[in-house]
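Going down the list, the sequences are from chains D and V. Take the first sequence: its position 88, counted from the start at 1, is 88 in the working numbering, and no numbers get skipped. Here the working numbering runs 183 ahead of the position in the second sequence, where the first position is 1.
The set of hints was computed from the structure by calculation and includes no laboratory data. Note that the coordinates shown come from a computational prediction; the quantities given were computed from them, not determined experimentally. Note that the Cβ used here is the ideal one computed from N, Cα and C, for glycine as well. Some hints here could point you the wrong way.
Computed spacing ranges between beta-carbons, pair by pair [stated by the list, open to error]:
#	chain 1	residue 1	chain 2	residue 2	range
1	V	Pro421	D	Phe46	31 to 37 Å
2	D	Lys104	V	Ile233	49 to 55 Å
3	D	Lys91	V	Val486	18 to 24 Å
4	V	Pro421	D	Glu90	47 to 53 Å
5	V	Leu415	D	Lys147	45 to 51 Å
6	V	Asn199	D	Gly28	27 to 33 Å
7	D	His76	V	Asn199	40 to 46 Å
8	D	Lys104	V	Arg413	30 to 36 Å
9	D	Val107	V	Asn580	54 to 60 Å
Capping the alpha-carbon separation at 27 Å, the derived lysine-lysine pairs in DSS-like fashion look like this [unchecked claim]:
#	chain 1	residue 1	chain 2	residue 2
10	V	Lys198	D	Lys125
11	D	Lys53	D	Lys69
12	D	Lys109	V	Lys452
13	V	Lys430	V	Lys501
14	V	Lys502	D	Lys182
15	V	Lys249	D	Lys125
16	V	Lys452	D	Lys174
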Amino acid sequence: MNKMIISVLAKDRPGIIASITSDLYELGCNLENVNQMILQNQFAGFFITQVPKSLSCETIRQELSLKEKDHELTIHVRSLEEETPAPVAEKEIFLITTSGPNQKGLVAKLSSIISSFGANIVNLKAVFMGGSNPNENVMSYQVLITKEIDAPAMFAALKEKAKELNLDIRIQHKNIFDVTNKI
Amino acid sequence: MFDDQEIISTIEMVKNENLDVRAVTLGINLFDCISHDLTVFKKNIRKKIIGHAATLVETCDQVGEKYGIKVVNKRISISPIALVGASFSSEQMVEIAHELNDIAKIVNIDFIGGFSALVERGIAKGDQALIDAIPEALAGTQRLCASVNVATTKAGINMDAVLIMSRAIKKAAALTADADGLACAKLCVFSNIPQDMPFMAGAYLGVGQADAVINVGVSGPGVVKRAIERNLAQQRLPLGRIAEIIKRTACKVTRVGELIGREVADILKIRFGVVDLSLAPTPTVGDSVGEIFQALGLSHIGVPGSTAALAMLNDAVKKGGAFASSHVGGLSGAFIPVSEDLKIAEAAQKGFLTMEKLEAMTCVCSVGLDMVAVPGNITEQVLAGIIADEMAIGMINAKTTATRIIPVPGKKAGDNVNFGGLLGKASIMDVPHLDLEDIFVEYGGHIPAPIHSLKN
Numbered sequence: 001m002n003k004m005i006i007s008v009l010a011k012d013r014p015g016i017i018a019s020i021t022s023d024l025y026e027l028g029c030n031l032e033n034v035n036q037m038i039l040q041n042q043f044a045g046f047f048i049t050q051v052p053k054s055l056s057c058e059t060i061r062q063e064l065s066l067k068e069k070d071h072e073l074t075i076h077v078r079s080l081e082e083e084t085p086a087p088v089a090e091k092e093i094f095l096i097t098t099s100g101p102n103q104k105g106l107v108a109k110l111s112s113i114i115s116s117f118g119a120n121i122v123n124l125k126a127v128f129m130g131g132s133n134p135n136e137n138v139m140s141y142q143v144l145i146t147k148e149i150d151a152p153a154m155f156a157a158l159k160e161k162a163k164e165l166n167l168d169i170r171i172q173h174k175n176i177f178d179v180t181n182k183i
Numbered sequence: 184m185f186d187d188q189e190i191i192s193t194i195e196m197v198k199n200e201n202l203d204v205r206a207v208t209l210g211i212n213l214f215d216c217i218s219h220d221l222t223v224f225k226k227n228i229r230k231k232i233i234g235h236a237a238t239l240v241e242t243c244d245q246v247g248e249k250y251g252i253k254v255v256n257k258r259i260s261i262s263p264i265a266l267v268g269a270s271f272s273s274e275q276m277v278e279i280a281h282e283l284n285d286i287a288k289i290v291n292i293d294f295i296g297g298f299s300a301l302v303e304r305g306i307a308k309g310d311q312a313l314i315d316a317i318p319e320a321l322a323g324t325q326r327l328c329a330s331v332n333v334a335t336t337k338a339g340i341n342m343d344a345v346l347i348m349s350r351a352i353k354k355a356a357a358l359t360a361d362a363d364g365l366a367c368a369k370l371c372v373f374s375n376i377p378q379d380m381p382f383m384a385g386a387y388l389g390v391g392q393a394d395a396v397i398n399v400g401v402s403g404p405g406v407v408k409r410a411i412e413r414n415l416a417q418q419r420l421p422l423g424r425i426a427e428i429i430k431r432t433a434c435k436v437t438r439v440g441e442l443i444g445r446e447v448a449d450i451l452k453i454r455f456g457v458v459d460l461s462l463a464p465t466p467t468v469g470d471s472v473g474e475i476f477q478a479l480g481l482s483h484i485g486v487p488g489s490t491a492a493l494a495m496l497n498d499a500v501k502k503g504g505a506f507a508s509s510h511v512g513g514l515s516g517a518f519i520p521v522s523e524d525l526k527i528a529e530a531a532q533k534g535f536l537t538m539e540k541l542e543a544m545t546c547v548c549s550v551g552l553d554m555v556a557v558p559g560n561i562t563e564q565v566l567a568g569i570i571a572d573e574m575a576i577g578m579i580n581a582k583t584t585a586t587r588i589i590p591v592p593g594k595k596a597g598d599n600v601n602f603g604g605l606l607g608k609a610s611i612m613d614v615p616h617l618d619l620e621d622i623f624v625e626y627g628g629h630i631p632a633p634i635h636s637l638k639n
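Using the sequences and the accompanying hints, generate a full structural model.
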């Protein structure tokens, strides 16, 4: 068996997951991991699956496209190498939350700073505040910080950029969100 | 991963609802500093306190920064000076007070507590020296806090001590007349004083505690108020449901306090002690226990219904906090310090909250008559009577009560006072019959401990 990751994009409707997983089952695939999200009305699904050795990435893509031809899906398939797990580094997650006026390039500007320090964004979301005020655009970046990263310098650079962009920025260790939300 | 609501609610608590950690208090045992030689004793306590606390403020700031939660006050509590300095005279006690004040400045904390005596059963030599020194010690220092425990449920009330403390308060006020009796804002008289309380002015490190310990006082009136408002904006709720909302909110607030306290303790390599679950207000808008009463539908704290509301609030805070942490201590309840709480001060100023109602409310909450400014011409007998009444409430109900009363020299009911900072400002409360000189408190002796097998 080979391991592959399949991404599926489509306008959201009932039955997408049922349909894709049935197709994979018929192709002899064994699902290992699935995740999905809905952004506005768009469905995005990710399927990591064990695929029979006789089937290539292109074959899987073509078979799925054929089976789902009436459903306007965008399908991408990529082979995954079996990787030996990296040694566990000492790491902590910080939530960087910005709020302020919506503006072009906002995410690019902040994520570039995070990237330049070698930190990894493990989750990024635009948080819906529930109001109609365009000045209450809230973005939350969950960033993995390892010991090698100069966190104080990165936080200072982010605060500086936020000031320039007229954003309120809060940088807080993830544990504070755990204790205020999880029992 | 967190969902939108979780992220927003945490950010809101910090940004708009004044969630903070009110106090991280480092308790330091001074029994190994004892010496009959004052110079040696002062050298010993200086070395020990600075040794433990040199990086306290820096560490609290660093941990606060990491979590985006401000640690508002960093403080130190020490073993009762009346015990560890029992061999010294009152003049020497004043010297110790100045030494402690200097140490507090060196380690950059705002208050050091433990200029204290425990006299519920009787006054020993060291206790007497310390009590005699209190007025001068507090008037001559800025960062020292004093407390005297005059009653417990098991010992009864030491009425000699009550009268002595009334005189000490009057003298301390007179010595700081130019600052509206400010010294009295740093002096508490207690019944059932907790040994592990992180809040000033009553914090001290009790006998039987570790060599050094970190105790944390949480806050959160603003968070509780907003939680009530948010839920009541959606629908009308019965009080049991509102109590549940308060309980859940107190749970969150407590977990924040414990998280911060434990990390500070780990970094300092000091044992973590307790979380004090108190709702401690500040004179800031949005950080007031009085505002919680308004959120609950009472026009002002002090109007009929206030005692019931406070009982519910106090109990819900305890329940939520006790669920959140297995290490709960100190006072743990709702505070109603008059000048330190914007809306309580306002209610008192407008006449909705009177001395009598305030005393009634202390039956169902933590602390007692806290930060109450009264006319300077109150007699020592009336002041002692007020203290005795408050001690009786604590003694009978097996709870902590305290008085922190400031007789403001030269001022009368309705005049304004401003103690500055977190101590706040308020109008002087009217004390009925303040010129009486009734002999009751002068009989002295002991009010015996109550019987609890026939409770009613």
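Exercise. Looking back at the hints listed earlier, which ones does the structure fail to meet?
Worked result: Violated hints (numbers, rising): 1, 3, 6, 12; every other hint is consistent with the structure.
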